[in-house]
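Oh and the sequence shown: position 91 is 90 in numbering that gives the first Met the number 0, straight run, nothing missing.
Read the hints as simulated data drawn from the structure, not as lab findings.
Built from N, CA and C at the ideal position, the CB exists for glycine as well.
A hint or two may mislead.
Below, a list of computed lysine-lysine pairs in the DSS-like style, where the Cα atoms sit at most 30 angstroms apart [stated by the list, open to error]:
no., residue 1, residue 2
1, Lys61, Lys38
2, Lys84, Lys61
3, Lys38, Lys69
4, Lys10, Lys33
5, Lys33, Lys61
6, Lys93, Lys33
7, Lys93, Lys61
8, Lys84, Lys101
9, Lys38, Lys84
10, Lys118, Lys93
11, Lys33, Lys69
12, Lys118, Lys61
13, Lys93, Lys69
14, Lys101, Lys69
15, Lys33, Lys86
16, Lys86, Lys10
17, Lys101, Lys118
18, Lys69, Lys84
19, Lys118, Lys69
20, Lys118, Lys86
Here are the computed distance ranges between Cβ atoms for each label pair [as the list claims (entries may be wrong)]:
no., residue 1, residue 2, range
21, Glu70, Asn94, 26 to 32 angstroms
22, Phe26, Ile57, 21 to 27 angstroms
23, Ile39, Lys93, 42 to 48 angstroms
24, Asp3, Leu41, 19 to 25 angstroms
25, Asn94, Ala22, 37 to 43 angstroms
26, Thr114, Phe26, 27 to 33 angstroms
27, Asn32, Lys118, 16 to 22 angstroms
28, Ile109, Glu12, 19 to 25 angstroms
29, Leu41, Ile68, 29 to 35 angstroms
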Amino acid sequence: MNCDESREYIKIELCQLVRYAHASYDFNPIHTNKDQANKIGLHNVIAHGMYIMGIAAIELTKRFGINHIKEFSARFTSMTFPGEKIKTICTIEKNSLSGEIKVININEEIKLIGTFNLK
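Please work from the sequences and hints to get the whole structure.
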């Protein structure tokens, strides 16, 4: 069963990453400073993995309601950079309360893959 996909892509902006760094107290400069990211071989800063997971969690909450999500876990499969547009795709096993959620970019590159259980 398909539990739908995001209708619109979300564009990742550097300003969002800076705000997230302050909110999460994750000031690793690879998330906010391009020069520092370049020093370790990245072409640009990268989004915080937990920021991307948060986007997936928001989508699950919109679809099922916060009181219906029992468990959510995810792993990051590739880096997300400012300027990329991402959205979620969600599937639920037939006659089940278990599902899978993915975050993909416009090239369908998977950024995050997760599983969830509903109550």
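Hints, verified against the model:
| no. | hint | result |
| --- | --- | --- |
| 1 | Lys61 - Lys38 | violated, 39 angstroms |
| 2 | Lys84 - Lys61 | holds, 19 angstroms |
| 3 | Lys38 - Lys69 | violated, 41 angstroms |
| 4 | Lys10 - Lys33 | holds, 18 angstroms |
| 5 | Lys33 - Lys61 | violated, 33 angstroms |
| 6 | Lys93 - Lys33 | violated, 45 angstroms |
| 7 | Lys93 - Lys61 | holds, 20 angstroms |
| 8 | Lys84 - Lys101 | holds, 14 angstroms |
| 9 | Lys38 - Lys84 | holds, 25 angstroms |
| 10 | Lys118 - Lys93 | holds, 15 angstroms |
| 11 | Lys33 - Lys69 | violated, 38 angstroms |
| 12 | Lys118 - Lys61 | holds, 15 angstroms |
| 13 | Lys93 - Lys69 | holds, 18 angstroms |
| 14 | Lys101 - Lys69 | holds, 18 angstroms |
| 15 | Lys33 - Lys86 | holds, 24 angstroms |
| 16 | Lys86 - Lys10 | holds, 9 angstroms |
| 17 | Lys101 - Lys118 | holds, 20 angstroms |
| 18 | Lys69 - Lys84 | holds, 28 angstroms |
| 19 | Lys118 - Lys69 | holds, 5 angstroms |
| 20 | Lys118 - Lys86 | holds, 24 angstroms |
| 21 | Glu70 - Asn94: 26 to 32 angstroms | violated, 18 angstroms |
| 22 | Phe26 - Ile57: 21 to 27 angstroms | holds, 23 angstroms |
| 23 | Ile39 - Lys93: 42 to 48 angstroms | holds, 45 angstroms |
| 24 | Asp3 - Leu41: 19 to 25 angstroms | violated, 33 angstroms |
| 25 | Asn94 - Ala22: 37 to 43 angstroms | holds, 39 angstroms |
| 26 | Thr114 - Phe26: 27 to 33 angstroms | holds, 30 angstroms |
| 27 | Asn32 - Lys118: 16 to 22 angstroms | violated, 42 angstroms |
| 28 | Ile109 - Glu12: 19 to 25 angstroms | holds, 21 angstroms |
| 29 | Leu41 - Ile68: 29 to 35 angstroms | holds, 33 angstroms |
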